[in-house]
Amino acid sequence: MQALIMALKSISGNKMRSFLTMLGIIIGVMAIVVLIAIGQGANAGVVSNIEQMGTNLLTINLSQRRSNPVTLEKLQGLSQEAGIAHVAPTTSSRGSLKAGLITYDDASLIGTVPGYDSIRNWSLRSGRFITQPDLDNRSFVAVVGQEVAVELFGSVNALGQSFSFQGYSFQVVGVLDEIGSSMAGSGDNIVIIPFTLAERLFGAKGISTFYVSAQSADLVSTAEASVTAYMDRLISAASSSTTYSIYNQSAMLESLNSVTNTLTLMLGGIAGISLLVGGIGIMNIMLVSVSERTREIGIRKAIGASRRNILSQFLIESLVVSLLGGLIGLALSFLLVDLLMPILQMTITVSPVIAAAAVAFSMIIGVVFGLYPANKASALRPIEALRFE
Amino acid sequence: MIILNNIVKTYRMGEETIHALNHVSLKVDDAEYLAVTGASGSGKSTLMNIIGCLDVPDSGEYLLAQKDVSRLKGSQLARVRSREIGFVFQGFNLLNRLSALENVELPLIYQRVARKERRERAQEMLNLTGLSDRAHHRPNQLSGGQQQRVAIARALVSRPKLILADEPTGNLDSKTGEELMDLFDRLHQEGNTIVLITHDASVAARAQRCVHIVDGEISAATETEEEN
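Protein chains in written order, with the working numbering: chain B, 1 to 389; chain D, 390 to 617.
Hints were generated in silico from the structure; no laboratory data involved.
Every residue, glycine too, gets a C-beta built ideally from N, C-alpha and C.
Some hints could be false.
[What the hints assert, rightly or not] Covered by chain B, per the in silico footprint, the following chain D stretches (three or more residues, Cβ under 8 Å):
hint: 1; stretch: 461 to 474
hint: 2; stretch: 497 to 503
[Claimed, not checked] Beyond 10 Å from chain B on every Cβ pair, some chain D residues (computed):
hint: 3; residue: Q455
hint: 4; residue: N482
hint: 5; residue: S547
Construct the complete structure from the given sequences, taking the supplied hints into account.
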């Protein structure tokens, strides 16, 4: 405690020098905190984009050669396999919709089955999703995205309204919540209709794409194995030459994560170097301070200070400089992050772990680079130190 | 209080070996007031360093308060300096960043005395040396005589067995020097053991006893009669 007061006194005794010494640490800590925060912000952006699509999602693409053995009926067995929650084939098309005098050209029509909404983590704003009876009866019903609802009917409250597509009249039975645009490109311009009806309207035979959701994110690989086994059985039973590929969302997420993590680490490492340079600055100034205060050290030793007393005095001084620098740097990096957020147009948050780590690192720097000067001071012989002018 | 037996201390200066102290033996009794005189280069500073436990002899024995301190290591010497010895230097050697009171407190900090007691004892010493109203002045706001009084207060605050003064009046004018010597007289009367190192005969004359060092040896001790 007394040593701390002494350290503060000697630091404030030479404000300009102490500030310049601290500046190295301030900039170092700021660089580390801000760069890592940006890295993590970018990572979080990508991750949330992917997670929006569902981390337990598998996408299976089939390449159709001659006869495609995969049909809606044959796929139904898959949902009983281990690890699998939902199975939903899709077939899609683009087209224009009409409601009264209004035309909407950008519609993305998707024919699918019940359960697709939960696979894609969609929720309904009003009404219901496609049901099994819709599928069985090939009903002319549709669930529309928000943009479609607003464009066609002037409000999101489009339930019960009808529109026409290729001359067929559809009734809106549900409106989706806002999805937003994501990497999958599926925005709010979608129109969901029963798969069986879509097959007919789009003239597509067989299934070219279907989605599978695992029961949980941990079971993705189990689900993937189930799909592989099931598909292999299906294809060989039909002795078809159809091939398929499984696109694993969570694997994708992992690889993206590792890329951004590497990037973040690299940024942090570069920033760490600047902190190291700041530490060398501390050592430099501490050495100057020790030789300037040789006489003081002699006096202190003559009146009873032990080697350890002197060592801890100088060590605490460098620790206080580096810790103050670290804290100021941290405070400034919060400001800088607030400033950068609108410019970079992303959400950057300084994680408490990184903040604590940066301050801890600056303290370690203070101790490590203070040790040599402090030791030098403590090793001074009192007679020689007293003789020093 | 102090028993020095055959103390030898040599320094190497390049090729030359300097016998700073050559078989010096000296005894100082409890509550004695001894002056050590000698020309510069006579070895009196070396003697002071050894008596003050700032240095250890090459050979010989040094008993301070019945304890052999001639073979102690750095941290043990620091402890002896802290507990047993109060220094008064020619150049005052106060820390300019600290107030008079804080300077006096310093030895107690190294003895881990609690803050409140430290304050009280330091203030008490300043009162004793007549500086009660200067406690919060910095050394550079004080006159030379006042600074030396602060230094004496600092030397006394840890209640040392021995007060070791090295040319305490060297940087002071003769009137202030006189006043300071009066203070030493008073400390002596109060029962403190004082060793005073000086080259000034008139200062040395104030002591109870005076020894003279020439070329690292104590010459026939010129015992001055007690004046008080």
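Status of the hints after comparison with the structure:
1. For the stretch 461 to 474 of chain D, the stated coverage by chain B holds: 7 residues have a C-beta nearer than 8 Å to a C-beta of that chain, and at least 3 were required.
2. Given a C-beta distance limit of less than 8 Å, the hint that chain B covers the stretch 497 to 503 of chain D holds, as 3 residues qualify and 3 suffice.
3. No Cβ of chain B approaches the Cβ of Q455/D within 10 Å, the least distance being about 20 Å, so the stated non-interface status holds.
4. Once the 10 Å rule is applied to beta carbons, N482/D is inconsistent with being away from chain B; the minimum gap is 5 Å.
5. Against chain B, the non-interface label of S547/D is violated: not every CB pair exceeds 10 Å, the least being about 7 Å.
Checked against the numbered hints above, the structure violates hints 4 and 5; every other hint is satisfied.
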